[in-house]
Every structure is written in structure tokens, then in C-alpha cells.
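Take these sequences, add in the hints, and give me the full structure.
As you go down the protein sequences, you meet chains A and B in turn. Letter by letter, the first sequence follows residues 2 to 229 of the numbering used here. Letter by letter, the second sequence follows residues 2 to 415 of the numbering used here.
Do not rely on the hints blindly, as some may be mistaken.
[What the hints assert, rightly or not] Chain B stretches covered by chain A per the calculated footprint, using a threshold of three residues with CB under 8 angstroms from any CB of chain A:
{"hint": "1", "region": "316–322"}
{"hint": "2", "region": "405–412"}
[Stated by the list, open to error] DSBU-like, lysine-lysine: derived pairs with alpha carbons at most 35 angstroms apart:
{"hint": "3", "chain 1": "B", "residue 1": "Lys361", "chain 2": "B", "residue 2": "Lys177"}
{"hint": "4", "chain 1": "B", "residue 1": "Lys88", "chain 2": "B", "residue 2": "Lys221"}
{"hint": "5", "chain 1": "B", "residue 1": "Lys401", "chain 2": "A", "residue 2": "Lys141"}
{"hint": "6", "chain 1": "B", "residue 1": "Lys177", "chain 2": "B", "residue 2": "Lys144"}
{"hint": "7", "chain 1": "B", "residue 1": "Lys401", "chain 2": "A", "residue 2": "Lys87"}
{"hint": "8", "chain 1": "B", "residue 1": "Lys17", "chain 2": "A", "residue 2": "Lys141"}
{"hint": "9", "chain 1": "B", "residue 1": "Lys50", "chain 2": "B", "residue 2": "Lys221"}
{"hint": "10", "chain 1": "B", "residue 1": "Lys199", "chain 2": "B", "residue 2": "Lys260"}
{"hint": "11", "chain 1": "B", "residue 1": "Lys50", "chain 2": "B", "residue 2": "Lys361"}
Everything labelled a hint here was simulated from the structure, so no lab data went into it. By construction, the Cβ of each residue, glycine as well, lies at the ideal position given by its N, Cα and C atoms.
Here is what each chain is made of, one letter per residue.
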Amino acid sequence: MSAVLAAEGVGRVLPGEIPVTLVQDVTVAVERGEFAVIMGPSGSGKSSLLYLLGLLDTPTSGRVLLEGQDTSGFGEDELASTRLRKLGFVFQFHFLLAEFSVLDNVLLPVRRLGELAEDAARQRAETLLDQFGLRDHRHKRPHQISGGQRQRAAIARALANDPSVILADEPTGNLDTQSGANVRQILRDLTHDFGKAVIAVTHDLTFAKAADRQIGIVDGRIDPGWRM
Amino acid sequence: MSIQLGIAVTHLVNRKRPTLVSLVGIVLGVAFFLAVSSLMRGSERDFIKRLIDNSPHITVSDEYRNPRVQPAALRWPEGAVEVRRVKPLNEVRGIRGHAQKLAFIESLPGLRVAPVLTGSVVLAFAGRTQGVTLTGAVPSQMKRVSTIGEKLIEGSLDALASNPNGLIVGVGLAKKFSLRMGSVVNVASAANEARALKVVGIFRTGGASYDETQTFVSLKRAQNLLDRTNRINRFIIQLDDPYRARDAAALIENRTGYKSVSWLEASEDLMSVLLVRNIIMYSVVSAILVVAAFGIYNTISTIVMEKTHDIAILKSMGFHARDVRRIFLVEGIMLGAIGSVMGVLVGLGLMGVLGQVSFKPPGATQVVNLPLYWGFEQYLLAAGFAMISAVGASYLPARKAGRVQPVAILRGMG
Numbered sequence: 002m003s004a005v006l007a008a009e010g011v012g013r014v015l016p017g018e019i020p021v022t023l024v025q026d027v028t029v030a031v032e033r034g035e036f037a038v039i040m041g042p043s044g045s046g047k048s049s050l051l052y053l054l055g056l057l058d059t060p061t062s063g064r065v066l067l068e069g070q071d072t073s074g075f076g077e078d079e080l081a082s083t084r085l086r087k088l089g090f091v092f093q094f095h096f097l098l099a100e101f102s103v104l105d106n107v108l109l110p111v112r113r114l115g116e117l118a119e120d121a122a123r124q125r126a127e128t129l130l131d132q133f134g135l136r137d138h139r140h141k142r143p144h145q146i147s148g149g150q151r152q153r154a155a156i157a158r159a160l161a162n163d164p165s166v167i168l169a170d171e172p173t174g175n176l177d178t179q180s181g182a183n184v185r186q187i188l189r190d191l192t193h194d195f196g197k198a199v200i201a202v203t204h205d206l207t208f209a210k211a212a213d214r215q216i217g218i219v220d221g222r223i224d225p226g227w228r229m
Numbered sequence: 002m003s004i005q006l007g008i009a010v011t012h013l014v015n016r017k018r019p020t021l022v023s024l025v026g027i028v029l030g031v032a033f034f035l036a037v038s039s040l041m042r043g044s045e046r047d048f049i050k051r052l053i054d055n056s057p058h059i060t061v062s063d064e065y066r067n068p069r070v071q072p073a074a075l076r077w078p079e080g081a082v083e084v085r086r087v088k089p090l091n092e093v094r095g096i097r098g099h100a101q102k103l104a105f106i107e108s109l110p111g112l113r114v115a116p117v118l119t120g121s122v123v124l125a126f127a128g129r130t131q132g133v134t135l136t137g138a139v140p141s142q143m144k145r146v147s148t149i150g151e152k153l154i155e156g157s158l159d160a161l162a163s164n165p166n167g168l169i170v171g172v173g174l175a176k177k178f179s180l181r182m183g184s185v186v187n188v189a190s191a192a193n194e195a196r197a198l199k200v201v202g203i204f205r206t207g208g209a210s211y212d213e214t215q216t217f218v219s220l221k222r223a224q225n226l227l228d229r230t231n232r233i234n235r236f237i238i239q240l241d242d243p244y245r246a247r248d249a250a251a252l253i254e255n256r257t258g259y260k261s262v263s264w265l266e267a268s269e270d271l272m273s274v275l276l277v278r279n280i281i282m283y284s285v286v287s288a289i290l291v292v293a294a295f296g297i298y299n300t301i302s303t304i305v306m307e308k309t310h311d312i313a314i315l316k317s318m319g320f321h322a323r324d325v326r327r328i329f330l331v332e333g334i335m336l337g338a339i340g341s342v343m344g345v346l347v348g349l350g351l352m353g354v355l356g357q358v359s360f361k362p363p364g365a366t367q368v369v370n371l372p373l374y375w376g377f378e379q380y381l382l383a384a385g386f387a388m389i390s391a392v393g394a395s396y397l398p399a400r401k402a403g404r405v406q407p408v409a410i411l412r413g414m415g
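Shown next as C-alpha cells:
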């Protein structure tokens, strides 16, 4: 298997009078079809590492490679285009746009990419919503469906452009047990059935146990001796 | 519909009240812009029309724009000897070879010309005397270049042709001298010529000075009185297109050598006053739109603030900064465009109402309507300025939105 996403000696320091180190010297690689979770205490740099891996933030040292391509020289637009095509994000809060229907939320990245005609784009979005049991809710606004349904809609949106990597920040942190299990299973299936790489930050031990690999992080560094 | 347009429409539709307030600002701004512009430009055109109608478009006089150079100065420009006390010969003033010059002017297309002789005379009646301007003209030619025939409240211009001793005076002079139709007045000139003339017409132009000091006789009678037999000292010219006056005057001056003054040249000070007035007017009405633009700025700024999280999500999803900027610029453009269209409609209504307003100015005999200008370009100007204001007002919030750093927002939300 080949690494679809890799960090090589990545560090992130926030500049200021007293510089704050968020992540330092992290080297990690995630393979296609792998389900990896990042764990650690609060403030240890889990989310910061996820943002660096997801090209939302740029490292102050080291580099991030996506599908073997070094992204360290990318400009803001190129990073955005790469996120649009190759990465999908799921956050603790669903972050669906409140004024749009569930269907339109899923269509947002597809329409922005602009590679599919409107009919084909709608077809794709409806297929995804169907897979996640949301077909009957597609015309509803986010506030009209449950938390678990919203998170499934957010996953559908993350998958809309068929990315190779899904990055999830506490995807079950705001869900009840049943919904959390549901989301966990969906992410699990994405890796096993569809060959996506999933990297998730979590505090949820049950969620972490379902992953292929657990990466511990403490004080911004990978902790090789991390145990759940 | 592009994705940016879709998001922009959704933002505005979901904020009905602030959107409506912004729209009302632009609508009223455009409507007032149009109403004021229409009134000001209407009054300007009315003023220029009166100026054009009541004065010659071009006056060719028996003068030179620059004094003629003496032959000796031409022959010996570097001459060291100056001959002093040289008196020019006394000559009868007037346009030399006026028949040929008249033929040339008449050959030009799109104009009408009348030769006249103008001079000063003293008018005496019932023990009162007053210096007045006497203009001698051929009535049939004068009618073609002057509106004086239309200003006659008694008598007619043709009476000058049928009565060689006929005199037409202004209403002010008639009142001052208690003249009526048929009154006989004595007219004397500096050339020691005097004649008793009969009032055959009284005009009223509305210009107090003109109505008190201007008189008309036949051309022959003026030539006799001023002792300038077979002479004229002016060509009065009217053009089909008054705005060609400057070019036509230059051509005539070039060919005849005599000073030709267009109405534009003669009224340069008035035209510059009108220009300043227009600048002030457009500054004021534009200020209304600038104020209205603050409404748009306020609305879009609020949307940007409220939607910071959404912007962060869109950018994390892969939207570029320019996509985000475009969303908010499109909102400004939509508010500007809708506001402009509605503003033009309301403005047209307002202009229609103003067009119905009629009143009688002090001293006037007729009821007048407010002069309005309906020219198409002012609608474009109003809409264009509204659009510029709207885009300008949305640019700053749009730029701010484009600069949102998703990580900073997501950290705060997590």
C-alpha cells in the first residue's frame, strides 16, 4: 500500500511575542483504505495536526505530501483547489449551511468544482444521500433533521467530490451513542469498501477502537508509546 | 445559476428587512437623482433655448477681432522710425462689400441671414428725450432670423415695409414716453439727421432694458437717419442647429475678415455658470447615493459578520478567496441593479408628478410648467452611479470575507 497522505517533520509555530508551538516535528503517513485516529489530551495539538494534514493550515517547518505530491510550495488558491478535489472534511458540529437544503449543502462542493452537469451533480448528491438514509430529508433544512442525520449529511458533503482522504475532527463528539455508532460505521465502511483514507481526531475510545491505527500526540509531538 | 450567485441570492432573501432597507435607500437615491437632474437640466435647456431663441446665433459686426496692422508696419516691421500723430481717414463705418459677403454667407447650408444697420439715436416726445438703439432691417429678412415679430403685442413687423416712417418700440419705452400705436416721435441722430416717425408696433420681450432701449425701423430709414447710405454694419445669422454656431462663426470670420461672434462665445460666462451649477447639482444628488451606499455596506458587512463560520466552511471545502469575495460583490451588484431599475421607475413617476406642476411666476402673464429633461443619458448616469456606489460599498466587506482564515474560525468553533 502507498501513503496517500504524509507529514514529514511537520511543525507549526504561531508567531508572536511569545511564539506558541502547536505541532513539532511530526512524521506520519496514512495509507489508502486506512482508518487512523489521532488521540491525545486536550490542547495536545490534535486538531492543529489535522488542519495541517488537511491543507487548511501551512506548516512552519517540514512538509505535507498528498498522493506523493509535495504541497509546501502551493499558494492559497492551489491549496483550496487541492482540498476541493482530494480532501473531505467532517467537523464535530455539522457545519451545514443553515439557509440551504440538505441536498444543496451536498451539492455545494460539486457545483464549485463544476465538472459535472447540473443533472449529474444532483444525481450524485442524491445517491450519496440515499446511501446515508437521507433521501427523504434531502429538501429539508439542517435544523429540520436530527444531529445524527446532520452529521451523515456532512459526511455526504465531504464525499461529494469523491476525495481520496476524509479528515474528521471529533465527528461523533456531539452525537448520541446510536448516532455515533452509525457515523463510526460509515467511516469504517468508507475505508474498507471504498478505499478512502480516513483520519479522525477523537476522544471517543469506542470510536478509536474501531480504527486501524491510533496515533497518540502529546504536547504537539507524536507519542510512540501512546496507549488508549 | 453560478454557485456564488446562488449563495448571494440566499443571503439576501433570508435577510428581508435589511435587504429591503438597503434597496429603499438606492431606490430613493436614484429617484431623487433623476428628479433633480431632470429639473436642473430641464431648466438649463429652457434657459439656453431662450438664449438661443432671443439672440442671434451669430452676429457679424463691422469690427475686427484684432486691430488691423498699418501698411507701413507691414512693409517695415523692423523700422526704427515711428511716425506719430497719424490720423486715420474719416470713413463711413460699415461692412465693406456687404453684398458679396451676404452672398457668401447665404451660400452656406443650414443658416438664414439678415443684414441690419444699428446705431444710436435720440428719441424726443412730449418734452422728454432718451438715447436709444435703432436697428434698421428688412422685415421679411428680419422675420427669418429673429423672434421679434412674435414678441409684438401690437402692430406688426411688416408695417415697417408698408410705412417707411414706421417705428417699432418696446413696451418699456412706450410706457415711459406714454406712446401708443400711431404716436409720432422725433428721432435725431449724431449725423444731424432728424425725422418724425410713427409708432407702428410695440413689442414685449420680457427683458426690461431691451424693452426700454431698443427700436426698429426699416433698413432704408436707418441708413438715412444714420447717414450711411447703402451701408449695413451687422449680419444677424440664425442656424438650423444652434450648436454649430461656433464652427460657422469661425468659418465666416475667416472668409469675411469681420468679427463673427457666436451665441456660445457671447454667453461664455453664462455657460460656465451653468457648468458650475451642474457640477454642484450632480455632487449633491450623488451624495444621496453615497449615503444610500452606506446602507448596502451595512447590510453586507452584517452578513459577512454573521456568516464568518459559513465562509470558513466554504473555504475549508475548497472555495477560493475570490469565490467568497465574489459572493458578496454579487450581493452589492444585485442590490445596486434592482435598486437602479426600481429607482428609475420611481424617478419616472416623480418626474411625471413634477411635470404636472404649473404656476405663474411673478410678473409673468402665462402659467408655466416646470421644465423637465427626459434625456436617456441621465437614467444611465443615475443607474451607473448607483451601481458604482453599490459595488464600492460591497467591496470592503467582500475583501474582508475573502481574507477569513478558516483555521482561526474552526479553532474557535471546535
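These are the hints, each one checked on the structure:
1. 316–322: Since three or more residues must qualify, the claim that chain A covers the region 316–322 of chain B holds, with 7 doing so at under 8 angstroms.
2. 405–412: holds (count 4)
3. Lys361(B) with Lys177(B): Roughly 26 angstroms separates the two Cα atoms, so the pair holds.
4. Lys88(B) with Lys221(B): Cα-Cα ~31 angstroms, so holds.
5. Lys401(B) with Lys141(A): Holds: Lys401(B) and Lys141(A) sit about 31 angstroms apart, inside 35 angstroms.
6. Lys177(B) with Lys144(B): 27 angstroms, holds
7. Lys401(B) with Lys87(A): Holds, at roughly 27 angstroms.
8. Lys17(B) with Lys141(A): Within the cut-off at roughly 21 angstroms; holds.
9. Lys50(B) with Lys221(B): Roughly 32 angstroms separates the two Cα atoms, so the pair holds.
10. Lys199(B) with Lys260(B): Holds, because 34 angstroms separates the two Cα atoms, which is no more than 35 angstroms.
11. Lys50(B) with Lys361(B): 19 angstroms, holds
In summary, this structure violates none of the numbered hints.
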